[in-house]
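Given chain D's structure and the hints, the job is docking chain R onto it.
There are 2 protein chains.
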Amino acid sequence: MKRANVYLIPNTLGGESLSDIIPADVSAIAISLRTFFVEEIRSARRLLRKMDREFPIDDCTFHIMGKSIKEKLPIILLDLSKRGENCGVISEAGCPAVADPGAEIVSLAHDMNMEIVPLVGPSSILLALMASGFSGQQFTFHGYLPRERRDRIKKLKDMEADAFRNGRTHIFMDTPFRNMHVLEDMVNELSDATPLCIGYNLTLHGAYVKTLSVGEWKQRAVDIAKKPAMFLIGTKR
Amino acid sequence: MKRANVYLIPNTLGGESLSDIIPADVSAIAISLRTFFVEEIRSARRLLRKMDREFPIDDCTFHIMGKSIKEKLPIILLDLSKRGENCGVISEAGCPAVADPGAEIVSLAHDMNMEIVPLVGPSSILLALMASGFSGQQFTFHGYLPRERRDRIKKLKDMEADAFRNGRTHIFMDTPFRNMHVLEDMVNELSDATPLCIGYNLTLHGAYVKTLSVGEWKQRAVDIAKKPAMFLIGTKR
Chain D
1 MKRANVYLIP NTLGGESLSD IIPADVSAIA ISLRTFFVEE IRSARRLLRK
51 MDREFPIDDC TFHIMGKSIK EKLPIILLDL SKRGENCGVI SEAGCPAVAD
101 PGAEIVSLAH DMNMEIVPLV GPSSILLALM ASGFSGQQFT FHGYLPRERR
151 DRIKKLKDME ADAFRNGRTH IFMDTPFRNM HVLEDMVNEL SDATPLCIGY
201 NLTLHGAYVK TLSVGEWKQR AVDIAKKPAM FLIGTKR
Chain R
1 MKRANVYLIP NTLGGESLSD IIPADVSAIA ISLRTFFVEE IRSARRLLRK
51 MDREFPIDDC TFHIMGKSIK EKLPIILLDL SKRGENCGVI SEAGCPAVAD
101 PGAEIVSLAH DMNMEIVPLV GPSSILLALM ASGFSGQQFT FHGYLPRERR
151 DRIKKLKDME ADAFRNGRTH IFMDTPFRNM HVLEDMVNEL SDATPLCIGY
201 NLTLHGAYVK TLSVGEWKQR AVDIAKKPAM FLIGTKR
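These protein sequence lines are chains D and R, in that order. Heads up: the first sequence runs through residues 1 to 237, numbered per our numbering. Heads up: the second sequence runs through residues 1 to 237, numbered per our numbering.
These are computed hints drawn from the structure, not numbers from a lab. Everything numeric in this text was worked out from a predicted model, so none of it was measured. We put the CB at the ideal spot given by N, CA and C, even for glycine. Heads up, some of the hints might be wrong.
As the list claims (entries may be wrong) - According to the in silico footprint, chain R covers these stretches of chain D (three or more CB under 8 angstroms from chain R):
hint, stretch
1, 47 to 59
2, 87 to 98
3, 112 to 121
4, 132 to 146
5, 208 to 214
Said to hold, decoys possible - Which residues of chain D face chain R? A few of them, derived with a C-beta cut under 7 angstroms, are:
hint, residue
6, Ala103
7, Val106
8, Ser107
9, Leu126
10, Leu127
Only chain D is shown next, with the shape it has when bound in the complex (with noise of 0.2 angstroms):
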């Protein structure tokens, strides 16, 4: 009997058309697939509406990933593998299993044999690395910043040395309603010299992405309140 596949579907990172981020053979994998695990059933319907405005939402099986469905999981997925039938992980936005709890899918598929098969889609921590001009040879992405302003500080400054001695990138985000904070004490606790890149909206109307120093951003007005930024510290070559 075939092996079921758990194909990984990236999202649209927020924009309107699928054109500009995904290959036509990832919509025609995903509307051929009628169970899926998904981080929120709207935000998963109106990417599969996307993809095939004649969809049939209606035939399929939705699976809210996350804590109510941990324990129910392996059962729910033995039964897709014995029956050879493939399935599908959608995240809020952008590429599954990296910073949702697809990766908890993807670690039991693996111990149950079934064969994982991840999908081209936009990261905006990839498209952000590739658009900040620094060394992607090394780099570190560290999702969120601590919350506490001194935990926050060190940590930017940590990341700011290891930048300078190494040469590795650091890639990380906020919550955009503190984005502004972040860029505050960015500008005002980091070496002038400091390269930084600051990227958001990407692959929507209006994306931005910039490397300046740390003291020509102190002499820009950027607005980047509660919009979806990625920050990267780097060095020049």
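Only chain R this time, still in chain D's reference frame:
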């Protein structure tokens, strides 16, 4: 006058088809350009011809990235900038400006206030991370491992310790002809319980990705010699 854009155009990971890895609009943008910064002219031409069989290669200017162009680069970019002419950066495989000299061009283009536009395409780093089932909340890409066996083993053990202690995922690779040595070192030197993901031929025919414990890899014959492979050390949830 219009600002000149620098488009970062993803290439295949070695496969034949584009429809599974390149969004339609990305191809449309690429074939609208006539000036390219490329790692290798041949692979860039092959990509453009795949995007459009009628693509007028002979009307294009291809600049090979790297040392030979370093001195002329500011003049070339200034000229494009003045004329408001868009250009593209194409790597030999995958997303440009991550692990190739493209980052230098992006860095200089930022200084000249050109607009950088990263486009969506395949990245073996990201595809492997998605498919590993390991945490993507925090991860480090290390590029190639040290060539000396002693240094390599130290590096592997450092990554294992950090994954165990901090839950961070570590991603690395090596030149394909050293893959079997790397696997041997991991199987002999790391703890049997450590989760290890190996992926190869991603997006290609015969793609493979599997997460097992080091102890399980010991029992399994896997031929990764001379294949483009990614290795990941992480933690099981």
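Tested hints:
1. Remark: the stretch 47 to 59 of chain D is not confirmed as covered by chain R, as 0 of its residues place a Cβ nearer than 8 angstroms to a Cβ of that chain, below the required three.
2. For the stretch 87 to 98 of chain D, the proposed coverage by chain R is satisfied: 4 residues have a C-beta within less than 8 angstroms of a C-beta in that chain, meeting the threshold of three.
3. Counting residues of the stretch 112 to 121 of chain D whose beta carbon lies closer than 8 angstroms to any beta carbon of chain R gives 6, which reaches the threshold of three, so the coverage claim holds.
4. Coverage of the stretch 132 to 146 of chain D by chain R holds in this model, with 12 residues showing a Cβ closer than 8 angstroms to a Cβ of that chain against a need of three.
5. Counting residues of the stretch 208 to 214 of chain D whose CB lies closer than 8 angstroms to any CB of chain R gives 4, which reaches the minimum of 3, so the coverage claim holds.
6. Evaluation of the Ala103(D) hint against chain R yields a held restraint, the C-beta minimum of about 5 angstroms falling below 7 angstroms.
7. The beta carbon of Val106(D) comes within 4 angstroms of a beta carbon in chain R, closer than 7 angstroms, and the hint placing it at the interface holds.
8. The restraint placing Ser107(D) at the interface with chain R holds, with a minimum CB-CB distance near 3 angstroms, inside the 7 angstroms limit.
9. Among the interface hints, the one on Leu126(D) holds; its C-beta lies about 5 angstroms from the nearest C-beta in chain R, closer than the 7 angstroms criterion.
10. Because the beta carbon of Leu127(D) sits about 4 angstroms from the nearest beta carbon in chain R, less than 7 angstroms, this interface hint is met.
Checked against the numbered hints listed earlier, the structure breaks hint 1 alone; every other hint is satisfied.
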